Structures are given as C-alpha cells and as structure tokens.
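Quick note, the sequences are listed as chains S and B, same order. All residue numbers for the first sequence refer to this note's numbering, where the first residue is 84 and numbers rise by one. All residue numbers for the second sequence refer to this note's numbering, where the first residue is 59 and numbers rise by one.
For the record, the hints were derived by calculation from the structure and aren't laboratory data. From a predicted model like this one, the values you see are computed outputs, not experimental measurements. Be careful, since some hints might not be right.
Restricting the straight-line Cα-Cα distance to at most 25 Å, the calculated cross-link-like pairs of lysine-lysine (DSS-like) are [what the hints assert, rightly or not]: (1) B/K108 with S/K199; (2) S/K371 with B/K108; (3) S/K365 with S/K108.
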Amino acid sequence: MTTKRVNGVGLGLRWDFIDEILATKPRLDFVEISPENYMGRGGYYDEALDRAMDAWPVVTHGLTMSLGGTDPLRPDYLKGLRAFLDRTKSPWHSDHLCFSTFGGAVLHDLLPIAFKESEVARVADRIKRAQDAIGRPMAVENISFYLHPGKREMREPEFIARVCEAADCGLMLDVNNAWVNATNFGFDVDEWMRTVPLERVVQIHVAGHDWFTDGAWELTETPKSAGEREGKLIVDTHGADVCDEVLALLERVLAETGPVPVLLERDQSIPPLDVLLAEVRKLEALWKRATAQAKGPRESVVEVAR
Amino acid sequence: MSAERVQSLLAAACFGTPEEARALVEDPARGLARHGLDAEDAEAILPNAKRLGLYRRLVRWNVTHVVAAMLERTRMRFEALRPGLFDATVDAFLAEVGPRTPHLRDVPAEMLAFAAPRWRADAELPSFLVEHAELELVEFTIGVAPRPGPVEALADVAPDRPLVFAEPRAIVRASHAVHELPPSDPQALPPARETALLVYRDEEHRTRFLDLSPVAAAILERLLAGSPLAAAMVEACEASRVPLDDAVLAGAARLLADLAERGVLLGARPVDDA
Numbered sequence: 084m085t086t087k088r089v090n091g092v093g094l095g096l097r098w099d100f101i102d103e104i105l106a107t108k109p110r111l112d113f114v115e116i117s118p119e120n121y122m123g124r125g126g127y128y129d130e131a132l133d134r135a136m137d138a139w140p141v142v143t144h145g146l147t148m149s150l151g152g153t154d155p156l157r158p159d160y161l162k163g164l165r166a167f168l169d170r171t172k173s174p175w176h177s178d179h180l181c182f183s184t185f186g187g188a189v190l191h192d193l194l195p196i197a198f199k200e201s202e203v204a205r206v207a208d209r210i211k212r213a214q215d216a217i218g219r220p221m222a223v224e225n226i227s228f229y230l231h232p233g234k235r236e237m238r239e240p241e242f243i244a245r246v247c248e249a250a251d252c253g254l255m256l257d258v259n260n261a262w263v264n265a266t267n268f269g270f271d272v273d274e275w276m277r278t279v280p281l282e283r284v285v286q287i288h289v290a291g292h293d294w295f296t297d298g299a300w301e302l303t304e305t306p307k308s309a310g311e312r313e314g315k316l317i318v319d320t321h322g323a324d325v326c327d328e329v330l331a332l333l334e335r336v337l338a339e340t341g342p343v344p345v346l347l348e349r350d351q352s353i354p355p356l357d358v359l360l361a362e363v364r365k366l367e368a369l370w371k372r373a374t375a376q377a378k379g380p381r382e383s384v385v386e387v388a389r
Numbered sequence: 059m060s061a062e063r064v065q066s067l068l069a070a071a072c073f074g075t076p077e078e079a080r081a082l083v084e085d086p087a088r089g090l091a092r093h094g095l096d097a098e099d100a101e102a103i104l105p106n107a108k109r110l111g112l113y114r115r116l117v118r119w120n121v122t123h124v125v126a127a128m129l130e131r132t133r134m135r136f137e138a139l140r141p142g143l144f145d146a147t148v149d150a151f152l153a154e155v156g157p158r159t160p161h162l163r164d165v166p167a168e169m170l171a172f173a174a175p176r177w178r179a180d181a182e183l184p185s186f187l188v189e190h191a192e193l194e195l196v197e198f199t200i201g202v203a204p205r206p207g208p209v210e211a212l213a214d215v216a217p218d219r220p221l222v223f224a225e226p227r228a229i230v231r232a233s234h235a236v237h238e239l240p241p242s243d244p245q246a247l248p249p250a251r252e253t254a255l256l257v258y259r260d261e262e263h264r265t266r267f268l269d270l271s272p273v274a275a276a277i278l279e280r281l282l283a284g285s286p287l288a289a290a291m292v293e294a295c296e297a298s299r300v301p302l303d304d305a306v307l308a309g310a311a312r313l314l315a316d317l318a319e320r321g322v323l324l325g326a327r328p329v330d331d332a
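Please construct the entire structure, taking both the sequences and the accompanying hints into account.
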C-alpha cells in the first residue's frame, strides 16, 4: 500500500459534471464527496465513485450528522458512515457545527445553534462520540447563519474554539461562511480568524454566494458600497464564483495556517467544467503564493491510504 | 432544555403548515412564546425573526426539489388532473411527518408512502395516479439499489432447482397499463388492464422494464421467491387457472432464455444447496 498526502487544491465532486471529469481526469490534488449521496447506493454513481477513487485522493464531508442537534445521534447512520469511510479511505471526516434533525425529522439543511456555555460541552460530547463511532478524526465546519438562535453568551469564533478544544477535533474552516457572517452581521472577519484555532484547521472550504433582498428573499445585485447593503443579505448558495474579498481572505488565512488543503465547492449555477477548473487553477496559484510566505508552514499531518 | 425549544421553533418554522408559517411571520413574539422560548432567547431571535422565513424557503427547497425531480411525470399528471394537490400533499407530508432519512434521495419514497393511502382514499382522484407514482419511483430505486454481493457457484437450470437471478430486480403489479402512458401527454389516461412488469438493472446501470403475461408473472414471482422451477410452474398454472400444457412450457422456456440473455437469469443453485 502506498500513501499520498492530501494537500493543495481540490474540487467538490458533483453529479452535474461527473461524467466529463471522469472521462477527462484533469489534474486535481483531491476531490471531496458527501457520503450521504453514496452510502447504501449501487448503480451508476456507485461505480463512478470507484473510478474517482482510482483517479484522485478522496475526502468526505457529511451533511446530516446533526452535531448540534438535540435528537440522539443515529447509530445506523454512523455505522453506515464508518463502513463508507473504510471504503473511501478518507483520512478525516468533516460535518457541520449545526443541527439538521429534530423530533426524528431530518431537515436536510444546516440550521444554527446558539453560542452558549451549556452548548459547548453538549456539542463537544456529541463530536467525541461521533468520532469514536466512525473511527476517524473529525473536523467541524463553521456554517453561514442568518439569525442568532438564542442568547449569545460568547461570540462565534470563541464558541468554535471552545468546542474544538473540548472535543479535541479538527476545524474545517469555511472562509466564505466566515466572510458571509461577518458581512451580514457586521463584524471584523480578520479578528474572527485570530480567535478561531487556526492550528486545528485540517481543511479549508471556499465557495461563492449570492445577495438577496432581506425579507422578500429575491436575488439582487451585489452592492457596490456599504450604503447599498441596507436591506440586503448574503445567502451561502455556492452558486457563484468565489468573490475577490473571499479570495483575499483565503490568502491571508493560508499565510497563517501554512499549507492545508483547500476545496472549491460549487452546488448551484454550475458552470462548464473547464470554467470550474480554471477557478481551481486560480486557487492553486493563490495557494502556492500564500503558503510560500506562510509564517508557520507545516505538512499535512494526515495521509490517505491508496 | 432551551436548545430543544429553539430547535423545535426552527423545525416548525421550516416544516410547519403554511398557516403556521404565516402566523409566525405576522406575530413572531407570540410564535416564540408558543414554543416556550426563554425570554433572553426570544429577545435574540426577534430582531431577525423574519429570517425564519428564509430558513423555511431554503429547507423546503432542498426537499421539495428532490421530490419534484424524482416524481416529475407524476407531478405533471397531477397538475393536469387536480392542480395543486401534489404540492399540497408534499406540504402535508412535511408538516405531519417530515423526512426521516438522512439520504435526500430517499425522501420521495417516504413522501409517497405517506401520500399513497391518502390518494387512494380520494374518490375523485383517478386510481392509476398512485400506480404511476410507484412505477416512476421504482425506476429510480432499482437504478440506485445497493450493488449485489458476489454470486455463489451456479449450476445449469433444471426442473428441481431454484433459479438464481441478478439483483436488483422487482415485479411491479398495477391495475392500469401506466407504463404505456405517453410522457408528452399529461392528460392521457391509461387502459384499465392488469399488468405485471419485471423491473431490473442492466449492465449499463439503466433501469429496464419487461412487460409480463399473467402466467409469466406468476411463474417468475414464485421463482424469485425461491421455488424450484418445476414447482413454480405447477403452482403458477394452478393459481392462474391455466393448464400446464406445451404452450406454457414453450412460453416459459422462451421467457427464461430471454431473461438469461438480458443478464437477469444467472443460473440455478447447485443440487446440494437446493
């Protein structure tokens, strides 16, 4: 068995372009998949996953673990996930710092949790139990949110730092989500980055977003000034190119973290594959530039079995 | 626990009935109080309470989009025959039950399990619509069913042996020939005729359908259940009230040869196993 480090810039594998990307097999440092789309499934896409695993290292990113939920963690889901991770040999597994289940129902989206003292221990305990159940290191992702679901006893970056520390888990840092929240709620994203535990970052997500009117939720143009932002809200659609401000933030973050894997996510308004790959190449240039000047460059600590 | 109450509120905002959602937007303070939120939690939510509507839109889009995509032809026929009923049933499903599966792809099947008894009980709704939905969904479920395990050693087909068939496959029965409906005509009505379709996945991972005669369906159902070939034919003819004559024997031979050519019939279980 050989091993290969997961690092550099990867692309979220989506069915919209899976045929073309498997046919052309462009150079990619890694791809990311959502287990929920493949677990317990056979047929065409299951076979496509085998072909993808032959072509690139695969990392997994889940959607429905509901680490912040109050429903019990689902043993059948965790058991199936563990088997799936064994198959894909993903070096870590990430999911979101949110809730996505309630009363037995699965909401199939990422809903916010309150940044409370009592939530730190509760959520960290769930992460530890999930980590044990899947037999892999876990990383939790900061989400975009649009309201504070309860009293704020601490700020989001402090909450993230406390949860990661208590659970002793990794951080899947979504720089777009951080920027979206900072813009929507008006806080300093660089200060936010100085508070989260960058030393725990195992992977970074980057994506595009769209502006909507706040209330009618109609798609609207990107405001050109702070004054134009009134009555508008960014929604984390993954439906546009990564904006310049987020790219600049990514570069500043990579200069701090050193070389950690960066993943481009695109889920809506997906452009032709060559356009998407051009965005990956742009990110690669940024990644090389930023990590070359990193203050504390480090090697990816996790290897993937091949 | 306050987290539970807040999550109850958000879940209700997303999956509650349209009336409940409207009431929450019009008088959020009252809605928050109804969920028993602590005053300090309510105070944090109220300035942006209208954004509960955004969460409702985002969450519902994910779920309703996959249901509409996987039951696209069924929804089109509902719109032609009873406009609004399909979407209203999805709304009721979300409000009364909600998805239980972590796999978005399985939500349409959960929705149909909820909807089918209600649609069947609706005297004004053509009965073929449920059968149409079931057939449309099985095309997907067979296509994505888990890959089969390794096949054991096989023997030649013989009358005293159970046969071995490739997975996944199913026999779908209907009282109307819904599979004959032209996709381009949502108003079309299917002929009222008992039908049985073998649904299977071919080597290219495409879902395929084979229209079976009544006797062929009766034989195949017994074979799929594990009956030896001869016993399956005797029982099927008795159940179908047809003599087990040369015509049936010849028809069965043609059916098995066809299934072998399609890769559905793999062989027979060896005598020791049988």
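Okay, the hints, checked on the actual structure:
1. B/K108 with S/K199: 23 Å, holds
2. S/K371 with B/K108: 43 Å, violated
3. S/K365 with S/K108: 18 Å, holds
Against the hints set out earlier in the document, a violation occurs for number 2 only.
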